[in-house]
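Enquirer: Residue numbers (numbering that gives the first Met the number 0): 0 to 377.
Don't take each hint at face value.
Computed spacing ranges between beta-carbons, pair by pair [said to hold, decoys possible]:
{"no.": "1", "residue 1": "Lys278", "residue 2": "Thr6", "range": "52 to 62 Å"}
{"no.": "2", "residue 1": "Val351", "residue 2": "Leu316", "range": "24 to 34 Å"}
{"no.": "3", "residue 1": "Gln276", "residue 2": "Ile180", "range": "39 to 49 Å"}
{"no.": "4", "residue 1": "Gln294", "residue 2": "Leu202", "range": "53 to 63 Å"}
{"no.": "5", "residue 1": "Phe333", "residue 2": "Asp39", "range": "10 to 20 Å"}
{"no.": "6", "residue 1": "Lys66", "residue 2": "Phe356", "range": "50 to 60 Å"}
{"no.": "7", "residue 1": "Leu321", "residue 2": "Glu208", "range": "42 to 52 Å"}
{"no.": "8", "residue 1": "Gln294", "residue 2": "Gly61", "range": "47 to 57 Å"}
{"no.": "9", "residue 1": "Leu15", "residue 2": "Ser212", "range": "55 to 65 Å"}
{"no.": "10", "residue 1": "Ser145", "residue 2": "Pro73", "range": "43 to 53 Å"}
{"no.": "11", "residue 1": "Ser145", "residue 2": "Gly290", "range": "51 to 61 Å"}
No more than 30 Å apart at the CA atoms, straight line, and that leaves these computed lysine-lysine pairs for BS3-like [stated by the list, open to error]:
{"no.": "12", "residue 1": "Lys187", "residue 2": "Lys133"}
{"no.": "13", "residue 1": "Lys102", "residue 2": "Lys133"}
{"no.": "14", "residue 1": "Lys263", "residue 2": "Lys66"}
{"no.": "15", "residue 1": "Lys263", "residue 2": "Lys70"}
Note that these hints are calculated values from the structure, not bench results.
The C-beta atom is built at its ideal place from N, Cα and C for all residues, glycine as well.
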Amino acid sequence: MRLEAGTRTGSISTGLQARIYDPLWLLARQWQVGEFQGEDNGSPAQACFQAESAQLTRFQAGAIAPKTMVKAAPYAAEIPLETLVEHERIRPDAGSQTMTGEKLRLAVDGGMYFLRLLDQQSTSQNYRDAFIRKYALPPLTEADRSTLDGDSLSFLGVMIGRVPDGRRLYSSLAPAANGVITIPPDLKVAPGDFAEVRQAIQLWRQWYETFFSEPQVDDSCWLPERMEYAFSVAARLTDGEVPLTAAEYYEGHLDWYDFDLNPKVSLGARNDNAITQVKQTLVPAPVTYRGMPAQRFWEFEDARVDFGAVKAGPEELARMLLVEFAVSYGNDWFVIPLELSVGSVCRPRSLVVTNTFGERFLIRSAHDAGEPFSSWRM
Numbered sequence: 000m001r002l003e004a005g006t007r008t009g010s011i012s013t014g015l016q017a018r019i020y021d022p023l024w025l026l027a028r029q030w031q032v033g034e035f036q037g038e039d040n041g042s043p044a045q046a047c048f049q050a051e052s053a054q055l056t057r058f059q060a061g062a063i064a065p066k067t068m069v070k071a072a073p074y075a076a077e078i079p080l081e082t083l084v085e086h087e088r089i090r091p092d093a094g095s096q097t098m099t100g101e102k103l104r105l106a107v108d109g110g111m112y113f114l115r116l117l118d119q120q121s122t123s124q125n126y127r128d129a130f131i132r133k134y135a136l137p138p139l140t141e142a143d144r145s146t147l148d149g150d151s152l153s154f155l156g157v158m159i160g161r162v163p164d165g166r167r168l169y170s171s172l173a174p175a176a177n178g179v180i181t182i183p184p185d186l187k188v189a190p191g192d193f194a195e196v197r198q199a200i201q202l203w204r205q206w207y208e209t210f211f212s213e214p215q216v217d218d219s220c221w222l223p224e225r226m227e228y229a230f231s232v233a234a235r236l237t238d239g240e241v242p243l244t245a246a247e248y249y250e251g252h253l254d255w256y257d258f259d260l261n262p263k264v265s266l267g268a269r270n271d272n273a274i275t276q277v278k279q280t281l282v283p284a285p286v287t288y289r290g291m292p293a294q295r296f297w298e299f300e301d302a303r304v305d306f307g308a309v310k311a312g313p314e315e316l317a318r319m320l321l322v323e324f325a326v327s328y329g330n331d332w333f334v335i336p337l338e339l340s341v342g343s344v345c346r347p348r349s350l351v352v353t354n355t356f357g358e359r360f361l362i363r364s365a366h367d368a369g370e371p372f373s374s375w376r377m
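Sequences and hints are given; from them, build the entire structure.
Expert: If you want it as structure tokens, here you go:
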């Protein structure tokens with residue numbers, strides 16, 4: 000049974016005044032409905048959680064058809080999934096005939112940074128002019144000028160002849176098969192300065208290669224016809240492979256709700272071994288969110304959230320359940336602050352909750368119940 004206050008008229012001014020004409024009557028009503036009878040209900044005081052966690056080990060770019068079995072590329076959590084999904088070719092190629100203003104600026108920035116690293120070396124003489132002459136930025140053609148904006152034209156007009164071309168530096172000063180960088184003779188670097196110049200080149204190449212995350216192959220997650228990304232990942236738990244597909248990811252921040260379990264495909268993670276057993280004892284904390292019901296009568300909720308303004312039709316059951324939870328039952332829930340590794344999946348095995356009376360309750364997984372939950376009727 001639940002008592003809810005209501006108004007007989009459209010005005011709520013009288014109800015907001017919350018006048019109390021007979022406090023004794025309120026106490027009598029509390030006695031009548033049994034609010035003075037104690038209930039042996041304890042609050043959660045401790046939670047023992049056991050699960051198994053596995054790192055994602057496979058990544059497949061693009062949409063994937065049902066019943067597909069592939070050996071997907073290995074995935075390491077050092078690179079965020081958002082970066083792996085959205086990255087594109089950024090660094091300009093030395094032989095490219097058409098260049099955007101952004102890529103030409105990157106070629107200039109790369110040359111300027113190389114000169115800074117070169118100046119930091121203790122060489123017997125200055126080699127800035129030698130590198131600028133050999134790897135100079137080419138003059139802009141009429142085709143280049145027709146595609147560049149005014150700011151880029153002004154910037155390049157100042158920089159041409161003053162900095163080397165980062166594209167040409169990267170393609171020409173590559174290490175040989177033995178890992179040694181060959182310094183061209185026409186730079187006229189003194190033999191005693193070879194080590195310092197090579198050091199500057201190595202530092203610059205390392206910076207240039209890691210400044211952007213770029214795809215190693217041409218596989219793209221972008222679906223131009225839908226203006227969305229699609230990709231799949233997989234991990235292996237003790238009972239088999241767990242393939243997950245994000246078919247409608249837009250951009251920004253990936254979260255668990257972007258993925259769907261896709262048991263009809265296999266990404267080749269069946270033999271991967273990255274399983275970790277998780278066993279933690281935690282203290283449950285009450286769920287809090289903006290706009291939730293306040294604890295005290297005269298305490299105002301967060302005005303930035305108005306659950307009463309949510310419109311829901313008779314057929315929108317999910318929205319009505321969400322609002323009902325937020326305004327009536329939200330402060331009855333607890334959350335367990337469980338920390339897991341980034342880029343991993345977790346399968347709970349058991350949850351034992353101990354309340355303030357010392358009673359222990361085993362919370363079973365809905366997946367392990369075997370039969371559908373039968374308390375709901377429509």
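Enquirer: Hints first: check each against the structure and report whether it holds.
Expert: Consistency of the hints with the structure:
1. For the hinted restraint 52 to 62 Å between Lys278 and Thr6, the CB-CB distance of approximately 53 Å keeps it satisfied.
2. One distance hint, 24 to 34 Å for the beta-carbon pair Val351 and Leu316, holds here, with the actual separation near 33 Å.
3. The hinted range of 39 to 49 Å is satisfied by Gln276 and Ile180, whose Cβ atoms lie roughly 47 Å apart.
4. Taken as a hint, the range 53 to 63 Å holds for the pair Gln294 and Leu202, whose Cβ atoms sit roughly 58 Å apart.
5. Take Phe333 and Asp39: their Cβ atoms lie about 18 Å apart, and the range 10 to 20 Å holds.
6. Here the CB-CB span from Lys66 to Phe356 is close to 52 Å, well matched to the stated 50 to 60 Å.
7. Remark: the range hint 42 to 52 Å for Leu321 to Glu208 is upheld by a beta-carbon distance near 47 Å.
8. At roughly 50 Å, the beta-carbon separation of Gln294 and Gly61 lies within the given 47 to 57 Å, and the hint holds.
9. The given range of 55 to 65 Å is respected by Leu15 and Ser212, whose C-beta atoms sit roughly 56 Å from each other.
10. Roughly 44 Å separates the CB atoms of Ser145 and Pro73, a value that falls within the hinted 43 to 53 Å.
11. Between Ser145 and Gly290 the beta carbons are some 55 Å apart, a value that agrees with the proposed interval 51 to 61 Å.
12. In summary, the hint linking Lys187 to Lys133 is supported, as the alpha carbons are separated by about 11 Å, within the 30 Å threshold.
13. For the given pair, Lys102 sits about 20 Å from Lys133 by alpha-carbon distance, which is consistent with the 30 Å threshold.
14. Our distance criterion of 30 Å between C-alpha atoms is met by Lys263 and Lys66, whose separation comes to about 5 Å.
15. With a C-alpha separation of about 15 Å, the suggested pair Lys263 and Lys70 falls inside the 30 Å cut-off, and the hint holds.
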